[in-house]
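Colleague: Sequence:
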Amino acid sequence: MAMPQNNPGRVPVFESVREGFAFIARDWRGIVPLALIGAAALAPLQVWQQTAAARQDMGGVIGASMLAALVNVPLLAAYFRRAASRGEAPLALRAGADEANLAGATASVAFLGFIVATVGALLVGMALAALLMRSGADASSLENLAPQEAAAALSKALGADGLLVFFTLVTAFAAFLLWLTARLVLAYPATVVEKRMLIFSTWGWTKGHAMAIAACLILVMVAALVLTWIAGQPIGMLIELALGKGTLATAGTPANWLFSFASGFLGNMFYLPAYAATAAYLYRGLRPSA
0 MAMPQNNPGR
10 VPVFESVREG
20 FAFIARDWRG
30 IVPLALIGAA
40 ALAPLQVWQQ
50 TAAARQDMGG
60 VIGASMLAAL
70 VNVPLLAAYF
80 RRAASRGEAP
90 LALRAGADEA
100 NLAGATASVA
110 FLGFIVATVG
120 ALLVGMALAA
130 LLMRSGADAS
140 SLENLAPQEA
150 AAALSKALGA
160 DGLLVFFTLV
170 TAFAAFLLWL
180 TARLVLAYPA
190 TVVEKRMLIF
200 STWGWTKGHA
210 MAIAACLILV
220 MVAALVLTWI
230 AGQPIGMLIE
240 LALGKGTLAT
250 AGTPANWLFS
260 FASGFLGNMF
270 YLPAYAATAA
280 YLYRGLRPSA
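FYI, numbering that gives the first Met the number 0 numbers position 94 of the sequence shown as 93, with every residue one higher than the one before it.
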């Protein structure tokens, strides 16, 4: 597949984001059936995740999230092929080497993220324990409280200065995760386009561009969330009108299943293709010429 370049070595933020949503405008006829397939596969996982969250089962929440990421792999591969080739490749689902390579790259980056998140959580937890000890509070007294009560008790125990230190640490860690995501985001389109699993080979391509790439990813996510919310509001109202008010939030009810399918469709319609097209656009621009 011949790879035309755009803006080599540059990251024009708004142009990149615009290209992501222009991809949806150009190829919406092909995206709609893929989004429907994705929604059908994701709806059970979303209901499972909500049920697990209601039971405070973090293992179930994480398991559902991991399976959802794998379900998205064939969709992302199709979008990467189409967007990176500027419309030359067909927009179709496959089960081949591209998907296997992308699943491997996704799992590898997720494993790296898990390690980083675990280390970060330990460090933040140690810092929080030190702050609580300094304030004289008993950390064990927070364990059996409901989340809202625990948050209120924690805020009271830490005080203004302790909260400032804690939120500074959490913000710094979140910024580091975003930076890491930006540095590795080209691994996904590169893996599909170049027909082999690439992860750290793309690290140097994003050097000096992490902030701009992060801005692209954030803008795509925010714009997609706004579009999804706008489209989802009337759908939710119609479902509640037909099946009863307040039933959407109860995991496992027919209304919840319907809304999970609808929200999955909207997410697959507005976010996934825009993200893939933006990443492919950045790949074309930042990949060094052979």
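Bear in mind the hints are in silico, worked out from the structure with no lab data behind them.
Possibly wrong hints are sitting among the right ones.
[What the hints assert, rightly or not] With beta-carbon atoms standing in for the labels, derived distance ranges:
id: 1; residue 1: ASP56; residue 2: ALA96; range: 29 to 37 Å
id: 2; residue 1: ALA129; residue 2: GLY245; range: 40 to 48 Å
id: 3; residue 1: LYS194; residue 2: TRP27; range: 37 to 45 Å
Ideal Cβ positions, reconstructed from N, Cα and C, are used throughout, including at glycine.
Colleague: Taking 29 to 37 Å as the stated bounds, is the beta-carbon spacing between ASP56 and ALA96 within them?
Modeller: Taking Cβ atoms as reference, ASP56 and ALA96 lie about 36 Å apart, which means the hint holds.
Colleague: Tell me if the beta carbons of ALA129 and GLY245 are separated by a distance inside 40 to 48 Å.
Modeller: At 43 Å between Cβs, range holds.
Colleague: For the hint 37 to 45 Å, verify it against the beta carbon of LYS194 and that of TRP27.
Modeller: violated (27 Å)
Taken one by one, the earlier hints fail for this structure only at number 3.
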